[in-house]
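Work the whole structure out from these sequences, hints included.
Each chain is listed here by its residues.
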Amino acid sequence: MNILLYFLILMVGAYIGYKDNIKVLIKHAGEVQNYALFFLLLIMGIKIGLDKELVYSFGKIGFQGLILALFSIVFSVLGVKLVAKRLLKEKEQMENDL
Amino acid sequence: MTYKIILSVIFGILFGRFFFPVALAEYVGLLIDLGLCVLLFFVGIDIGKQKNIFFKIKKIGMKVLLVPLMIGIGSILGAMLGGFFLRIPLKEAGAVGAGFGWYSLSAIELSKHSSQLGTLAFVTNVIREVIALMSIPIIAKYIGKLESIAPAGATAMDTTLPVISKATDGSIAIISFITGVVLSTMVPILVPLIMSL
Chain A
1 MNILLYFLIL
11 MVGAYIGYKD
21 NIKVLIKHAG
31 EVQNYALFFL
41 LLIMGIKIGL
51 DKELVYSFGK
61 IGFQGLILAL
71 FSIVFSVLGV
81 KLVAKRLLKE
91 KEQMENDL
Chain B
1001 MTYKIILSVI
1011 FGILFGRFFF
1021 PVALAEYVGL
1031 LIDLGLCVLL
1041 FFVGIDIGKQ
1051 KNIFFKIKKI
1061 GMKVLLVPLM
1071 IGIGSILGAM
1081 LGGFFLRIPL
1091 KEAGAVGAGF
1101 GWYSLSAIEL
1111 SKHSSQLGTL
1121 AFVTNVIREV
1131 IALMSIPIIA
1141 KYIGKLESIA
1151 PAGATAMDTT
1161 LPVISKATDG
1171 SIAIISFITG
1181 VVLSTMVPIL
1191 VPLIMSL
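For the record, the sequence lines run as chains A and B. First residue of the first sequence: 1, per this note's numbering; consecutive thereafter. First residue of the second sequence: 1001, per this note's numbering; consecutive thereafter.
The set of hints was computed from the structure by calculation and includes no laboratory data. This list has only true hints and no planted wrong ones.
Keeping only pairs whose Cα atoms sit at most 16 angstroms apart, straight-line, the calculated EDC-like set for lysine to aspartate or glutamate is:
{"id": "1", "chain 1": "B", "residue 1": "Lys1112", "chain 2": "B", "residue 2": "Asp1033"}
{"id": "2", "chain 1": "A", "residue 1": "Lys27", "chain 2": "B", "residue 2": "Asp1046"}
{"id": "3", "chain 1": "B", "residue 1": "Lys1145", "chain 2": "B", "residue 2": "Asp1169"}
{"id": "4", "chain 1": "B", "residue 1": "Lys1112", "chain 2": "B", "residue 2": "Glu1026"}
{"id": "5", "chain 1": "B", "residue 1": "Lys1049", "chain 2": "A", "residue 2": "Asp20"}
{"id": "6", "chain 1": "A", "residue 1": "Lys23", "chain 2": "B", "residue 2": "Asp1046"}
{"id": "7", "chain 1": "A", "residue 1": "Lys19", "chain 2": "B", "residue 2": "Asp1046"}
{"id": "8", "chain 1": "B", "residue 1": "Lys1049", "chain 2": "B", "residue 2": "Asp1158"}
{"id": "9", "chain 1": "B", "residue 1": "Lys1112", "chain 2": "A", "residue 2": "Asp51"}
{"id": "10", "chain 1": "B", "residue 1": "Lys1141", "chain 2": "B", "residue 2": "Asp1169"}
{"id": "11", "chain 1": "B", "residue 1": "Lys1004", "chain 2": "A", "residue 2": "Glu31"}
{"id": "12", "chain 1": "B", "residue 1": "Lys1051", "chain 2": "A", "residue 2": "Asp20"}
Here is the structure:
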């Protein structure tokens, strides 16, 4: 349910951005996005703060986060490396067109 | 921006720890949902504003989508492997990896399941962005230009795009933007999807 709702909202936003006819909305898009983001992060922080046990386990989470981030990055780079040669042709052609 | 983000979270944690009335705790989930909808709507507007993006994708060919595909697979599998060593359930580690560096959204989505998982998603994806900012120029120089988009993940369309653009060239920057758009669109879909498996 949530997945569809998110996608729908993204698409409605994209359509409005594409049509570019509600200038006020588009002009302040970046600003509102920032406020929405800070609001969300604040609420998320409150949710973390309410959980006492969690606050005491930050040290452990930092280490876990570092390991997960490093593995994600290394495997992403390896993944792109697998297809890089195949894409190189397309890229050269595109550069000629630009 | 990064400082403001970290400050917002720290302020929220302190507020929640010492001042927030526990009686209101049950409404926190609803507030998260509302804020998220507003945020996604405006992210959509940002994507829609790039009018010729679909033309650009067509010009390079559909094969360009291999880049976000490989980054997506690599991020999720990598996080699962890391999670295996850390003894974190594979599903949870995979969902954290599917944040692709978009720490706010993945953390908010996963904090619905548990605050601990939300915090792990936040910390993991913040660290990913920081490592991306530092490693992109090095990867572009020693491994390959296309590969330098990989650490950026979903942030390849905004925060890390200037770094990629500087370290590579115009065409890689366009591929980077497209990659960021595709991965950003996938985060709100993949994170809950992996958790529901």
